[in-house]
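Trainee: Each chain is listed here by its residues.
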Amino acid sequence: MLLQLNKIFKWVNVGGSRTFLLRDINLTVQQGEFISIMGPSGSGKSTLLHIIGMLDDADEGEYVFADQNVFKLKEKQRSQLYKQHIGFVFQAYHLIDELTVYENIETPLIYQDMKGSERKAVVADILDRFGIVGKKDLFPSQLSGGQQQLVGIARALASNPKVILADEPTGNLNSKQGEEIMELFKKLNKEDGVTIIQVTHSEKNASYGSRTIHLLDGRVDQIVNS
Amino acid sequence: MLRNYFKTAWKNLVSNKVYSIINISGLSIGLACCMLIILYNKDEVSFDRFHENAENIYRIVNTSYAEDGKAEGFNAVTGMMPGPSFKRSVPEVKDFVRVQEQDFTVKIGTKIFDQKAIYVDDNFFNVFSFPLISGNKTNALRDIYSVVLNEETAKKFFGASLSAMGRVIELPTGKEGAFENFTVTGIVPQSPQNSSIKLQMVLPIKLNMRSGLADNQWINFYLNTFVVLRPGADIKNVADKFRQVYKREAAEQIKEIKEKYDMKSTFEYGLQPLLDIHLSTKFAAMNGLQDGSNPIYSKILGGIAFFMLLIASINFINLTVARSLKRAKEIGVRKVVGGGRKQLIIQFLGESFILSFFSFVLAILLVLLVMPLFNSLSNKMLSFSYLLDTTLIAGYIALFVVTSLLAGFYPAIVLSGFNPVQTLYNRMPLSDKNYLSKGLVVLQFTLTTFLIIGTITIYLQFNYLANFNLGYNDKNLVAVATDQMKAGKVELFRQQLLQDPAINSVAVKNRWNWNTGAKVDGNDISFRIQVVDSSYFPVLQIPIVKGRNFSSAFPSDSTQSVLVNEAFVRKAGWKDISGKQVDFFYDSLKYNVIGVVKDYHYASLMEKIKPELFIMHPKYDYGLLLIKIKPANTSATLQHIEKVFKALMPFIPYQYDFKDAQNIRQYAAEEKWKQIILFAAILTIFISCIGLFGLATLAAEKRTKEIGIRKVLGASVASIAGTLSNSFVKLVLIAALIAFPAANFAIKKWMENYPYQVEINLWIFLFAGFVVLVIALATVSFQAIKAALANPVKSLRTE
Ligand SMILES: Nc1ncnc2c1ncn2[C@@H]1O[C@H](COP(=O)(O)OP(=O)(O)OP(=O)(O)O)[C@@H](O)[C@H]1O
Ligand SMILES: [Mg+2]
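Going line by line, the protein sequences match chains E and Y.
Residues in the first sequence are numbered consecutively from 14, following my numbering.
Residues in the second sequence are numbered consecutively from 13, following my numbering.
Hint data in this document are derived by calculation from the structure and do not stem from the laboratory.
Every residue, glycine too, gets a C-beta built ideally from N, C-alpha and C.
Accuracy of the hints is not assured; some may be wrong.
[To be verified] DSS-like cross-link-like pairs, simulated, lysine-lysine; straight-line CA separation at most 25 Å:
#1 K620(Y) to K684(Y)
#2 K85(E) to K620(Y)
#3 K148(E) to K341(Y)
#4 K19(Y) to K148(E)
[What the hints assert, rightly or not] Label-pair ranges, simulated between beta-carbon atoms:
#5 H214(E) to R439(Y): 28 to 36 Å
#6 E764(Y) to N26(E): 58 to 66 Å
#7 K29(Y) to K20(E): 48 to 56 Å
#8 V27(E) to K717(Y): 20 to 28 Å
Looking at chain E on its own, in the form it has when it is part of the complex (with noise of 0.2 Å):
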């Protein structure tokens, strides 16, 4: 098991009544699997994944990430565990501009401290299995929308983490290109064993997964199973 989500809530107080965002989520992810989140728009899939993705808190609930019990984390063990275990793909790409291509793939390696020679054979082994060697250089304004999604997620799985988050990943992309990034997604899976959790609104996108989550209105609305 890799992650368990015990009885999660969400809420915010807008105007002094409580809105819940998330109710009674419960769900358990196995290392390797591919999941999609699917549902209405403002169901709450993003607020789900932030929450996996340690980026936020509930309200209440437990979280279980390989065996660390994650809201009783402090900061730091939680940091670091995110740091090693987890990869965010974004629908608007989130590149920081002023940084090259390489930098960007290289700077969560920066973060976990790793020596220079070593990031950079890293980094050097993902711009080649990515295929954008050539464009190292570059600055993200030079890239097209997909291909700015490929450096995201190589910079993604530059530090090696167990799971990867996409939030949408396809899109800000046209279908050809949304494609290719889902085949990536599934390659990554079957291949090196990384367990996928994605946000889609697309069907044919959901169909790579194996187990489908609908939400609706914060609540888990029906898992499907393919």
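Given the coordinates of chain E, work out where chain Y with the ligands should sit on it, guided by the hints.
Mentor: Same frame as chain E, now just chain Y with the ligands:
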């Protein structure tokens, strides 16, 4: 890792040029000011430290107490007696050296020089670490006819300093001013600039004690006596012993003086460390010790420099935080890819270090650039070599680190605290309620307003003093210092001077200020004594308000009559002067008061008018001619005066001065501070304004979309510029309200130094507030108008 941080930081600086330039220029000005002040202060506290034995050298000082036990007088000097007496009776006193100043007329062949000199005991060069270029430090001054010169003086006398050894100069030290020969027995280099004793010409003090009339008075104050204590001596203990010695040895003298002069004061001898002399206002550097300074200057300068650095740091903080919205996404991404808060803090601190570093380098260049100007303003001789000193370098590095931390820490904390989910999903709370940043802007403008008010006040006070109605006419009045002379010589001068029709009249008075006391109606009264003749009041146009002037019609005037000023009458409590007498009981002389003159300010306006007494008794000497000339063709007139002077006083150097110019010079300190504060105010305004400019730029940028929408909805350029400027104007107004009472308080404190004060009106404050407002408005509205004029379609599209 550091390389990567450096790289991002560098890219950030380059891609935000306006922001970087504002921060670097502000910080470098602030740092440069701080560096100069550190330099200034270092020089101040380094005074006299170069003497190897400095820690063990003390000056004997003396405090006098009034009848009620209150300290009333602080004498930094003594007579001849205390040095030898204390050495004899106090075992801790290893040695003593006396230093007395004297001006000389030096004759070399047919040439005459005016030269400052000091008399010293012959162990002088053993006690103080002044090296000799030639000559022997132990016996250079052993012979009574020996003299030690510094290189410059030797060059002045003989053309070259090297050949001066063994040459002869003549000094009027013999009977009745006869010239005697002195042999040059030593040459010293120019004394360090941070030395209270600056050697020009040094003579053995034995010379001064030849007359047989050895000074054995304890109550006598005119020369510096230094003692060398044994290392580890307890100062309190030594001072106690001084008191006992004084009590024992001076008892008889004191008794005698008390009886004869009806003296009520008591005296107490004490010690002052050599290293304290330079900055002491109580026991100041005098009588051969020079360049004494007031520590308040260090404080004012330090305060200004701190202000500036603070304002520059505030710019940095405000701009960095304001700009952080633009960087929010970068920060969010860094956190998402694993950047811990600590790592981000280090990164942002790194950026502020890089910025500070550039500012620091620039500041050093600035310091080198303005050093000459600063030297002339602060009366110093600081040089670049001063910068290369380990403690100073350590101080500068500390300054650099503190500035980087001060400016970088808060933004680093704020920026690293951003929640990545909020920043990446555009959920940043876009509140305009940044109280800290607003508070800092208020602080900046408070300081600015404060400095402007200070500058105006100093200007007004200076002009007030410079244009003060002195009560006498100092225009076209030439003052010529002479040797001591009696009425006969004065008459000779007067006759020959008046041969030039351009000379209207000639008055005469004593040369040095001189206070004394006497009895009126049986009570003691102290006053300044002025030795004049009947010409004094008409030439200076001082009205006589009661009685009459001295007159040749009353031959007894010269020995039996005096005039007094109004302050004297007030102090004496007289209603009428008829029959009043002033009793110089210790001389057994009584004078009739024949007239009262209107109060006038012959002395500096730094003191209140004192009681003055005017006398023409032949036992006193004259020493200053006051010559009223016609304003036209003054150079010919001055030539005539010089010719007459050379003929009548061939061995005295001729010096003249215009009295009105001399009066203005008394306020040189105010003039200097006026300039320093003005500079400070301008720089402060400049740094504040570039900061405001940056903030306005960012505010306008942040609101581009809002402005675009408003314009589409039909808002006018003026109304948009108004909304943008409004918030800043409010801050400036708040700043003014804080600055007014603070400035008022500071002005009151500063004005306490001046007995005559210009009136401070409310309009000064209002004017200062207005100036700051206009400057701020001009700065902000430039950006506001630019933003308001921008094409709304463009600004909306970029969102
Ligand atoms: N800080 C917040 N304060 C108030 N409401 C919030 C906050 N964050 C999220 N929400 C609300 O929570 C709900 C879920 O948001 P979330 O971003 O998870 O939706 P989503 O399923 O990802 O939608 P989409 O498909 O449009 O991305 C939304 O209704 C949103 O308005
Ligand atoms: Mg979403």
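Trainee: Could you tell me which of the hints above the structure violates, numbers in ascending order?
Mentor: The structure conflicts with hints 2, 5, although it agrees with all the remaining ones.
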